[in-house]
Structures are given as structure tokens and as C-alpha cells.
Amino acid sequence: MTTAVAESPALRRRTRINVSALLVEGRAFLALIITVLIFSALTPKFLTGDNLIIMSRHVAFNATIAIGLLMVILNGGIDLSVGSTVGLSGVVAGYLLQGANIPFTDATAYPAVWVVVILSLVVGALIGVINGLVITYLKVAPFIATLGMLYVARGLALVITNGTTFNDLRGEPELGNTGFVRVLASRPLGIPMPIWVMVAVAVVFSVLLTRMPFGRWLYASGGNARAAELSGVPIGRVQILVYVFSGVCAAAVGLLLAADLPAATPRGGEFYELNAIAAVVMGGAALSGGRGTVRGTLIGAFLIGFLVDGLVLIGVSTFWQQVVKGAVIILAVAVDQIQEAVQRRTAGTKAARAAADRTPTISS
Amino acid sequence: MRRLIRIATAAAAIAVVGSSTPAWATTPPDDSTPAPAAEGDAGTIAVITVDPSNPYWKAEVDTAVRVAAELGYGTTVNAHGNDPDLQNQFIDAAISQGVDAIILDPAGAEESVGAVQKATDAGIPVFLVNAEISEQGIALSQIISNNAQGAALGAEAWVEAMGGEGTYVELFGNPTDNNAQVRSDAYHSVIDQYPDLELLQTETANWDRAEGKQKMELLLSAHPDVDGVISGNDEMALGAIQALREAGRLEDVVVLGFDGNQDAVDAVIAGDMIATVLQPIVQGTTLAVQQADNYLRTGETGADAEKQAIDCVLITAENAPLLDNFVMAEEGSGTTTASAPEPSTANTGS
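Residue numbers (the working numbering), protein chains in the order written: chain A, 12 to 375; chain B, 3 to 352.
By construction, these hints were calculated from the structure, which means they are not laboratory data.
Check before you lean on any hint, since a few could be wrong.
Unchecked claim - Here are the simulated lysine to any residue pairs, SDA-like style, with alpha carbons at most 25 Å apart:
1. A:Lys336 / B:Asp254
2. A:Lys56 / B:Gln183
3. A:Lys56 / B:Asp254
4. A:Lys56 / B:Lys120
5. A:Lys56 / B:Ala249
6. A:Lys336 / B:Lys309
7. A:Lys56 / B:Asn84
8. B:Lys120 / B:Asn84
9. A:Lys56 / B:Glu248
10. A:Lys56 / B:Gly250
11. A:Lys56 / B:Leu202
These numbers come from a predicted model, not from an experiment.
My request is simple: use the sequences and hints to build the entire structure.
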């Protein structure tokens, strides 16, 4: 009798928590639907096939970076260098396509396009490795380490280009290095390449997070690194890998952006890190680590992208666009904080109740 | 034949790579710094610029060095990269070297006042090019390009290409940059006189090519029938051109740029951009050196006022082929040497 009475409010509380958790998890999705509905009502140009493809392509750049960044944020870290990595990878591709000087010789190499693509991605991976090593072994805070890398990578992009822009990425048929723009800016089945890449990256990382040991390691290490380490998670390796993932995703966007323009500018990707962080956070991830999904990040990226593009479409002044975008980001983070507070409180009461149950003599 | 092209391309590429080594602290070989007086008995001029890796400032440095040499001066060249502290150090160095005059492209209007004052106090006349400082009466000359006049020129050419009617959108530069507003105002001072030209929307693209393209794609979604684009600089215009090309609208939309950078000049030649506006950096720098020479010889700069705005030059399909990285082949006292050894011709094979 007493146990039944004691259990039913607990049960009710659990279902209520689940509903509220669902609401909070789904808040970005709800906001996305509302955004689409509002803009569709305001202008018939919003919900057309062509425009949806254009907006999705804009979103794809940010979403691909954001998914890589999600890995870092799940780990409890942050990667501020992704925007600079976008610029550097594009510039490296541009440099290689123009002909790369082989060190200590006068010879010039013209690598094939697939080599260019791989080398540019390797540059992104290398930046990630350095970030990871500095954070894991030199114990530099992720914010500081990647802030430094933000400047290093941007500086290297400027060094390589001498401050100018590589304008011709088409290659020469005589040199066998054509196809960069043709392939990376192509539209298989009418869908632009960046969208395909976003989908592929999303699938790969969802599988990684939900079906592989690495995913469990990552959530565990982000939730409580000490506990994860004691239960055998290789937290050092996980920490380095997440920065590599983030770097490679950013490098891929650098290539796509260069092919899209088509030009490789050392300024490419400036401030992209901020949009990516916004997308991850709006998608329900906690900056403290351990919580977040690829699905949520995608929704966050679409929400922020559709919002920004929609404001342009209905002709809101540029200055107000920024105000609205910023307000929505703050709102998202505020809701995130409320959710954490709610979780802490329920966890606290639960723990207190459990303690009280175990030691009835003290409480009475 | 193919092999020949290949070798030539390779050679060109190596030339680019070779020139990219940061050996800029030293002056070009024709006036070696240790014995500048040997170059010309007239004295030494310190040239302090922003960033010679950018073709625009490279043209500035090349012009200053060339004109100074013609007038019998030796030169030292330094670049502050818009860093006021570095600028201060170079001013100190110039003072301790006892140069006769300083040609300075200042690092910021407010930040540079102190540096200019310091050199003036040390008895070294300072002549400013390209940008101004916020106070007058310290430097002897402040020679800047007339953005308003240039934008009006560009707008006139654009209106003519539009036939005086139609709809258009505007890509605006970084709103915190004074030049963005100056150019936009000057565009509209011309365009607004034509009631049949209708501005549909203005969007900021922050001087950036990628942002220019994204904004133009959305503007095309919102206004599929737009007839023209005016842009605060060439980079945003080049982004818009790419968006128009992908949408299949490049043929019938008239695009205007500003700056005269080489990519834009190539676009003008290709017919993608109707016109751009060249900032007269070669002419301005030539004047600055000439006024320094006048002042050192006669005690007068020879100019009517300290602040002098040099008119910009309209670049259309007619004169675009004459332009090579900010240097007009006809311009600059007949000698075309400054434009000849430009190594970055490898990019122009579009």
C-alpha cells in the first residue's frame, strides 16, 4: 500500500520529465516549422523548389562544419579554428591547382584533382591533430588552444596566397588537373554537391555516435571524463579524434566553398565558427559536453540558415537581420540553461529522496 | 607545342612561388639600402606602406621607389600591415636614420596622428598617400582617392548600360567602413536622378565575395526579374556575377564594381562586369613624391591644399586591357617599367 503510493508520484514525475524533455529536445524542430510557416505566409518566394535548394546549400556549409564541431562539443571542448580551417583548406587546394613548388628544388608539381582534395582534407586533419595534442597533452584549455589555431591557420592561408585570391581553379587540360570546379560544384540529381556532402557527413556521424563504441566513449567522456577514464574509455584518443573530425569537416567545406565561388580566398570562412557553434547549441547540445545529437545539430543549422535567408527574402534591413539572428541564438541558449537547471533540480530531489529512503532514522 | 605551354606555365608558376618569399623589408635591388646617398645626391625618402603582398600596395611602393629614383632620391621601404605600433617603430627608425622625407600610407586615421607628429617634431616632413589622418596641419600633404567622384563615374557608366530604366539591387560594403557609405551615396546621387531606375533591395555583403554570392542568390529568389546590380566593391560584385552565371542571368544583368582589382578587370574584359572604378594609387603616390621633392628643394609642396583628393578612373571594356594590377599602361610619365615585371600573370588564363 505505502509502496504503491510512493511509486505513483515518482512515475508521474518521470513521465512529466520525459514530456518536458521532449519539448525541449524538439524545440528547435518546432521553431524550424514555425519559421518556415511564417516566412511562407510572408512571401510566396520562400517555399519554392529553387529557393529551398539555394537555402539548403547555404545551410549545408554551416551544417557540415557544425556536425564536426558537435563531436568536439560532445567531448566538452570547443573548436574556434574551424572557420580558419575552411579558409586554409580552400587556399591549399587553390595553391596546389596553380602548381606547387617542390621544396628545395625548382620543380613544380601539378597534382591530380583527387590528390588535391585529399591533401586539403589532410591539412584539416593535421590542424585537428595539433589542436587535440595541445589540448590533451599540454593541458591547454580548448578555447585557448583553438583560438590560437584560429590565428595560425588564417595566417598560413595569407602566407600561402600572399594576401591575394586564387581566381582560376579550373586547372589546365595539358596538366591533367581539371575537374575541381566541375565535380565539386556539380549537381547530381539536381541537388548541389554541398547538400550531398552534408547528408553523407550526417549519416556517417550519426552511425558513429549511435552504433559504434566510439559514440559511447564520446558521450561518456563528455559527461564525466574521470568516470569514463576509470571505466576504461581511452579519453585521450577520443579527445584528439574529435578535433580531427572537426578539422576534416571544416576542410571539406573549404573545398566546397572554393569550388562554389570558384575562387580560393584567404578570407574564406571568416566567422563561420560562430554560426556553427550557434547551430550546435540551438540543436540542443550542451556546451558542457555529453549531450547533443546529429539530428538536433542539423535542425539547428537549418533553423539559423532559414531564418537568416528568410529575412533577406522578405527584405528586412540588414541591421535588423543581425538583431533577430542574435536574439534567436540567445533565446536558444537561455532555453538550454533552463533545461539544465531543471535537470539538476530533478536529479537533486531524486538523490535527496533516495538518501532519505535509505536513512529513515535521521530524517525522522 | 603542348609541352612548350606546359614548360611555360611551370616557369610562370615557379616565378610566382619564387617571388612569394617574404623578402620585402629590403628595397628593390636598384637602390640598395646601405648606401642610399649613392643613388641620388638629393637624399633619402622613407616609404612606409601597408602590405606589398597586395597588388594595390605593391603598385604604391613600386611607384614611390621609381619616382624617387627619377628625382634623384634613395629610398627605404617598410610595411606596417595596418599595425600602428609597427608604424611607430618604422617612424622611429626613419627619424634615427635621419631621412629627408617620409611617404606614409597611414595605419588608421586616429592612430597615426601621433606618429606623424613625432616625425614632424623631429624636422622630417611627412607626406600621406592613400589614406588620411584625422588632423590637419601636421603632415604636409594628404593625398587620397576621391571615392565619391569615382562612384559617380561608375554609376554613370552603369546607368548608360541600363538604358536609364529597370530594376536593380545594391550590395553594400561593411557598414562600419566609411567608404561603404560614401560610395553608396555617390552611386545614388547619380542613379536617383533617373525615376525609371527602381532600387528593389539593399543587402550588406561585407566586402566579401562568398557573402556577395549568397546574398545575390537570395536576391534572385526574391526578385527573379532584376535588371542590374551595383556593388560597393569588386569582390562582392564578383560573387554576384557567379550567382548570376549559375542562375543563367549573367547575359542580361548589368553589374557594376569598384576598386579595379585584377580579377574584376578580367571580368570587365570578359563582359561579365560593365565597369569598375580604379583608385588612382599610382598617380597619388607620384604626386606625393613630387611634392616631397618640391618641399625639400623650395620649402613649398606646390599643392594648393594639404588634403588633396585624386580623381578615380573609370575602367570599361575599352581601357581594361591596358590595366595590369592597378597600373595603367599609358599612365605614369610614359615609363611602363613598373607594370612589366609583374609575376602573377599565371592567374589570368581564364
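Taken at face value, is the distance from the CA of B:Gly250 to the CA of A:Lys56 at most 25 Å? Holds, at roughly 18 Å.
Hint check: A:Lys56 vs B:Lys120, CA-CA at most 25 Å. Holds or violated? violated, 59 Å
Hey, A:Lys56 versus B:Leu202, does the alpha-carbon distance stay inside 25 Å? holds, 15 Å
Is A:Lys56 within 25 Å of B:Asn84, Cα to Cα? Violated, at about 44 Å.
For A:Lys56 and B:Ala249, compute the direct alpha-carbon distance and say whether it is at most 25 Å. OK: A:Lys56 and B:Ala249 at ~16 Å, within 25 Å.
For A:Lys56 and B:Glu248, compute the direct alpha-carbon distance and say whether it is at most 25 Å. Cα-Cα ~18 Å, so holds.
CA of B:Lys120 to CA of B:Asn84, is that 25 Å or under? holds, 18 Å
Next pair to validate is A:Lys56 with B:Asp254; report whether the Cα-Cα distance is within 25 Å. holds, 22 Å
Please work out if A:Lys56 and B:Gln183 have their alpha carbons no farther apart than 25 Å. violated, 30 Å
Taking only the CA atoms, is the gap from A:Lys336 to B:Lys309 under or equal to 25 Å? violated, 42 Å
Proposed proximity, B:Asp254 with A:Lys336 (alpha carbon, max 25 Å): Between A:Lys336 and B:Asp254 the Cα gap is close to 34 Å, so the pair fails against 25 Å, i.e. violated.
In this structure, the earlier hints numbered 1, 2, 4, 6 and 7 are contradicted, and the remaining ones agree with it.
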